Each structure stands twice: as C-alpha cells, then as structure tokens.
Amino acid sequence: MTLFIQNDAAGAGAGNLDPNQAAVDLGIIANGDTGLGLAVQVGNRQQVTYVRTDPGVPPTRLDNLVNTNFGVNPQNVDILVLPVLANFTLNDGRSILTVGGTALPPSGSALPGAALNNTNSCLVIYDTSQNNGDGYCTARAGTGGTLDLQTPNPVILYHELSHAFRIVTNAQLALTAACNPSSPEENAAIIDENDLRNQIAAVQGQAAVLRDPGIHCGALCAGGTANCCIVASVATGSPVSEEVAILRAVRDGLLRRSEIGFAFFQSLHRDYYGFSPQVCTLMAEHPALRPLILEGYVRPLVSMLRVIHEYALGNADMEDLGRRFISAHPRAEEARSRLELLRAAEDLVRREEGPEVGGGQGDLARILKERAMLSPHVRWALVEPIALYRTALQQYLDNRREEELGEMLADAVDSWAARLPIDEVWAALSAEQVREELDMLEEALLRSDEARASFLRRLGAEFGRATAIALVVAERLPGNGATDE
Amino acid sequence: MSSAQQPPNEPRGLEGSVESMVEVEDGVNLVVRLRNPLDRALHYISDVRGMIFDPTTNRLQVRLSERGLQTPLTSIPMQPRFRVIDPRSEALITIKLPETIVKLTETPTPTGDARFQEYRTVDATSIEVDIAWAETPYYPDPREASRTENPFTSWEQDSLRISFRGGIQRGAS
Numbered sequence: 001m002t003l004f005i006q007n008d009a010a011g012a013g014a015g016n017l018d019p020n021q022a023a024v025d026l027g028i029i030a031n032g033d034t035g036l037g038l039a040v041q042v043g044n045r046q047q048v049t050y051v052r053t054d055p056g057v058p059p060t061r062l063d064n065l066v067n068t069n070f071g072v073n074p075q076n077v078d079i080l081v082l083p084v085l086a087n088f089t090l091n092d093g094r095s096i097l098t099v100g101g102t103a104l105p106p107s108g109s110a111l112p113g114a115a116l117n118n119t120n121s122c123l124v125i126y127d128t129s130q131n132n133g134d135g136y137c138t139a140r141a142g143t144g145g146t147l148d149l150q151t152p153n154p155v156i157l158y159h160e161l162s163h164a165f166r167i168v169t170n171a172q173l174a175l176t177a178a179c180n181p182s183s184p185e186e187n188a189a190i191i192d193e194n195d196l197r198n199q200i201a202a203v204q205g206q207a208a209v210l211r212d213p214g215i216h217c218g219a220l221c222a223g224g225t226a227n228c229c230i231v232a233s234v235a236t237g238s239p240v241s242e243e244v245a246i247l248r249a250v251r252d253g254l255l256r257r258s259e260i261g262f263a264f265f266q267s268l269h270r271d272y273y274g275f276s277p278q279v280c281t282l283m284a285e286h287p288a289l290r291p292l293i294l295e296g297y298v299r300p301l302v303s304m305l306r307v308i309h310e311y312a313l314g315n316a317d318m319e320d321l322g323r324r325f326i327s328a329h330p331r332a333e334e335a336r337s338r339l340e341l342l343r344a345a346e347d348l349v350r351r352e353e354g355p356e357v358g359g360g361q362g363d364l365a366r367i368l369k370e371r372a373m374l375s376p377h378v379r380w381a382l383v384e385p386i387a388l389y390r391t392a393l394q395q396y397l398d399n400r401r402e403e404e405l406g407e408m409l410a411d412a413v414d415s416w417a418a419r420l421p422i423d424e425v426w427a428a429l430s431a432e433q434v435r436e437e438l439d440m441l442e443e444a445l446l447r448s449d450e451a452r453a454s455f456l457r458r459l460g461a462e463f464g465r466a467t468a469i470a471l472v473v474a475e476r477l478p479g480n481g482a483t484d485e
Numbered sequence: 001m002s003s004a005q006q007p008p009n010e011p012r013g014l015e016g017s018v019e020s021m022v023e024v025e026d027g028v029n030l031v032v033r034l035r036n037p038l039d040r041a042l043h044y045i046s047d048v049r050g051m052i053f054d055p056t057t058n059r060l061q062v063r064l065s066e067r068g069l070q071t072p073l074t075s076i077p078m079q080p081r082f083r084v085i086d087p088r089s090e091a092l093i094t095i096k097l098p099e100t101i102v103k104l105t106e107t108p109t110p111t112g113d114a115r116f117q118e119y120r121t122v123d124a125t126s127i128e129v130d131i132a133w134a135e136t137p138y139y140p141d142p143r144e145a146s147r148t149e150n151p152f153t154s155w156e157q158d159s160l161r162i163s164f165r166g167g168i169q170r171g172a173s
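Chains as they are written, first to last, in our numbering: chain L, 1 to 485; chain G, 1 to 173.
Careful: at least some of the hints might be erroneous.
Claimed, not checked - Simulated restraints, written as ranges between beta carbons of each label pair:
(1) L:E285 - G:P37: 39 to 45 angstroms
(2) G:D54 - L:G13: 39 to 45 angstroms
(3) G:D54 - L:V24: 33 to 39 angstroms
Claimed, not checked - Listing some non-contacts, in silico: residues in chain G with all C-beta distances to chain L over 10 angstroms:
(4) R12
(5) V18
(6) E23
(7) N58
(8) T74
(9) R81
(10) P108
(11) E149
(12) Q157
(13) G166
In short, the hints are calculated from the structure, not lab data.
Owing to the predicted nature of the structure, the values given are computational and were not obtained by experimental measurement.
Beta carbons are placed, not taken as given, at the ideal position from N, Cα and C, and that holds for glycine.
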C-alpha cells in the first residue's frame, strides 16, 4: 500500500480538493493505461491501484510507486496526494500559488520541508487550478532561461512524485534554494519531468518542448495557460483549428504584451472560465448546439476580431475594411444563413422567462445570462464584437458600398475600443508605465483621436486619485481635469 | 539600510494605508493606497505570497513579502510580481483575497490522515498587510548557487506593515 489520493478535505468545507483532477492527471502519467484504478474509499482517501501494460517510462515509474511498500509508516500510507485549489496555504501561510506544488517529507523525518508536514506520510501537494488559470511557466530548454514553458497539472504532479520517490526511498539528493543552477535534487526531478513531457508530446503527435534541468524557478505565464478558448476548441472540433489560432493570436499579440493587457486577460480569463466549461459540457450533451455556437458565436467573433486586428494595427483604411469584409463573405446565401444563426443566438440571450427551450438551449441561455453577460470583460471582448459583426453583416446584405461599410466598421471599432474595461492595475502604475501603456494602446487599439480622448477621460474619472494617472491624463488631455468625466 | 543615517522625522521608505476592503463574488478585494515620499522610485512585491488567519483573534495577515515564509525546496518557486512606484507619488493596488483559506491542521495527525482547517476571509476583524520593498529592482544574485536562503528575501530591503481594524464591507462589488 503506497500511493493514495486524498479525496475529501476533512475538517474543511466540501469542494476544497479536486480528486477527480488528480485521477485524470495520474491517467495521463499512465499514458491512458487501463490498468490504472482507484480502490474503494477508506476514510478520506482512496488508494491508487495499477496493473501495468504500458512499457513507457512514466507508467513504469508510477507502477513502482503504486506497487512497492516503502514502509514509511505503520499505516502503510506512504505517499498521499493532495490535489488542492488556489486558496490553499502551507502551514506557515505560504500560498500554494507561489510554489505550484511540493513534496513534503513525513513529519519528524528531519528532511528539508518536514516541518511543514503534520502527517507521517510523504505529502504531495499540488495546485490543480493552474495558478488560478494563469499557469506556471518554467525555463524552456535551449533558451538560456526564458520562462515561457507551460507546466500542466500532470507534469507538476509527476515532478513532485519524482521527489516523493526519492524521499520515501531515502535517496534524496542535495537541495538548495538556488534558481540557477538548480540543486541536484531539482535537476533530477526536472529530468524525470521531461520524460512525461516527451510522452505527452508523442501522444499529441508533436515535437516535445522540454524544460531546462539547470534552472529551477518559474514565473507567471505571460500568455496564460496553454489552454485557450475552450468553447472555440470544442465548437470547431480542435484546439489547433484556424479559429482557435486566430483567437490565440489576438490574445497574445494585440493586448497581452502589456501590463494592462495582462491584467485585462487575467480578468477575462477568470470570468470566461467561470462559464465556458459548462458550455462545453452542454455541447457534449447536445451536439445539435454546436452549429449554433460555432456560427452564432465563434465564427462571427473570429471574423470581427480579424477586422479589429486589421484596422487597429493600422494596415487597413476604411475602404480596405469594407473591401475585406465583403471579400470574406463571397456567397450572400451563406451570409444570410449566418445572420439567421446570429439572430437566433442573440434572441436566446435576450429572451425573457418563458416556455422552456429544449436541446440544451435553455441551459445555454441561463449560463450566458447569469455568468457571461455579467462580466464587463466578457461583454466587451466576446459579446460586443459579435453585435458589431451582425450589424456589418446586415449592412453588407443590404448592398452597402465598400466605403460605406468600411466607414461604419471603423466608427464602430473606434467606439468599442474606447470602452475597454479599466482594471485596477492602472492605479498601481508609475507615470512612465502609464505613458508606455497608453502608447501601446494607441498603437494597438485606440486608433482615432476621439477614441483616445474618450478613453483618457474615462481613465481620469476612474483613477484620477492616483498621482501617475492624474499627471499623464493632464499631459495628454490638457484642461480635462483628471477627475472630470 | 540607508535610512539608519536619516533624522527620525525624515521619510524612510514606502508608506501606505488600506483604502477599502470589500467582499466580492469570489472573495475580498483589498485596496491599498501606497505612497512613496522619497526622491527615488521604490520597487515592491504586488502579489500575495502568504496568508495567515488567526482564529483566536480573527486577525488576517496578508504577506506581499517572502520574509517569514519557508520555501519548500521541492517546488516551483514562482518569482513574485514586482512593481515600481515613482518618487513622491501615490498608487492604488488591489489585492485579491480568496473567499476562504484552507490549510492543514496545526495539530499533528500521527494516524497518517491529512486533516484541514478552513477560514472565511470575511470573518477577519483586523488585517495586517506586509509589503516588501527595495530601492532597487530584483535581479538574480549570481552568488546564490550555494545558498539556502530564498533569493527574494535577500532582495527585500524592508517591508511596509499596514494594520487595519474594522472588518470587511460585505456584499458590495
């Protein structure tokens, strides 16, 4: 008896652990080997069982962990996995988000970290929330220390199990707090971790991107987690579809490069993942919803973001915009049918209480109304562009000329851009940072003078109490008065 | 620290006060007003590194500092998020706290069971915020290879402690 998953946070409220995620992560480590299982729950934990058939390195190591009695304590609970959430702290108060995961030697073992463990088992604690959705980035091999390599949950778990294996076999190597070069113990765990990265890449048919074993520390991922746009992924049937690639490019290229963009996407990410997994579940339960979501939300959003990208980055003038929009819709019949679906999608969100709509549409409407539409970030980034697109599509079908359509699109994008939600992080910036962020926004989003002035007025009204904001708004909008709307 | 040579009434570093503390849907937003009274920029940690809730006094300590926290050496030590505040300037930072804080029990569990404690952030009646700052930005110390101390603690020149009594404004957003 060796490896267990804690499946209930005994003493705390329900929902403070995610044992299902741990089971999924172990399944990925086992490379989908069907011999992996869980015994009946005893107390607050379940023992992991494994009859291995997969010859791979990670499954073989997992087999060794699961089927060896290491004799750590009389209860034979050698390694206990705690799949915690973002609100977990270690016993000294350290937030799990500052370390991602850890393997703690049994209490009283005198090994480093044992003082943080009140049990006589080796604890493997890892954050299943992926740093509240922001991800854990480590040093990508071959880059000299660029911290941009995502560390998904199974990789964190496997890394910590590597430490746990050496802890329970009394084979732990030397440890230091050094980030670079990493300690011998960390180096060994990272080399093990790369075995799993190789295995996952092979399953996905991709070239493995490995972690540098010489560098230990990590940082918040500037691009968020590798997961992106899950509704688009499910609706298009692929996480690497053209639509998802465009959404990811807009996310990473247009706004996320800056401090403000980063904060914006943190908020958007948090709100988006508050409802999007439920939308994906609905699509799985009601496949007929997929065309509605694909044509009523995902493709219109992608089309409009493409227009915004072309206009905001300045390589398209008004006439260009109209021409490009028209050439992107060569068949009027298809455009009409998309407009129908767009209207159906809008009606779904607008409709008041009434007779229950079937096929999952009622549930979809509820999720969108109660979760998505309440978020200013979701409304601005995901809902308003679709409304702009619908208006443009209607005008195109009404046979507007290229220049008319282009002018309408440019005005609509300018007005939309100036309504960018203003996050609290603005108030924490220095004057130089505020100037840089505004320059960046003007370059990437706020193209017209009116959009710039409108945004500055909002910024001054919101955060004129912060010295830097008051100063820079006054510089750029003389006579405005930082706190006047 | 350089302030040791300054007269007692001279400002010595980062200053601040709690502006508001409001319950929101997924936790509590703590807004802190920071002031830099010096003629040079100050650098500080802007993300939560640790939280300690004392159930006997309902005091919540929020650490934007690595000092006093152990660093488990088998982990991914995440670099703090650093920010800078201009000379003679004020800034507002919003610290997002979770709805509840969960940790392992203080009492040892020799049976091998892991048991937990959970505290509601809104139950705090007093808050203490520590914010680490320095006059220079953080750079990795090339000497750190052989060291066991946390490199982010070594960077910290001092920390600002802000105490706030009065509890959390409930139900607003």
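Quick rundown of the hints versus the structure:
1. Taken as a hint, the range 39 to 45 angstroms is violated for the pair E285 (chain L) and P37 (chain G), whose Cβ atoms sit roughly 59 angstroms apart.
2. A beta carbon spacing of about 19 angstroms between D54 (chain G) and G13 (chain L) contradicts the range 39 to 45 angstroms that was offered as a hint.
3. Against the hinted window of 33 to 39 angstroms, the Cβ-Cβ separation of D54 (chain G) and V24 (chain L) comes to about 36 angstroms, which satisfies the hint.
4. The Cβ of R12 (chain G) sits about 20 angstroms from the closest Cβ of chain L, beyond the 10 angstroms cut-off, so the non-interface label holds.
5. No Cβ of chain L comes within 10 angstroms of the Cβ of V18 (chain G); the nearest lies about 14 angstroms off, and the non-interface call holds.
6. Interface exclusion of E23 (chain G) from chain L stands, the closest Cβ pair being 15 angstroms apart, more than 10 angstroms.
7. Separation of N58 (chain G) from chain L is adequate, the least Cβ-Cβ distance of about 16 angstroms exceeding the 10 angstroms criterion.
8. The non-interface label for T74 (chain G) is inconsistent with chain L: the shortest C-beta to C-beta separation is roughly 4 angstroms, within 10 angstroms.
9. Chain L draws R81 (chain G) into its interface by the beta-carbon criterion, the shortest separation being 7 angstroms against a cut-off of 10 angstroms.
10. For P108 (chain G), the requirement that its beta carbon stay farther than 10 angstroms from each beta carbon of chain L is not met, with the minimum near 5 angstroms.
11. Its closest Cβ contact with chain L, about 6 angstroms, brings E149 (chain G) to no more than 10 angstroms, contrary to its assignment away from the interface.
12. The Cβ of Q157 (chain G) sits about 18 angstroms from the closest Cβ of chain L, beyond the 10 angstroms cut-off, so the non-interface label holds.
13. Separation of G166 (chain G) from chain L is adequate, the least Cβ-Cβ distance of about 21 angstroms exceeding the 10 angstroms criterion.
Of the numbered hints stated above, those contradicted by the structure are hints 1, 2, 8, 9, 10, 11, listed in ascending order.
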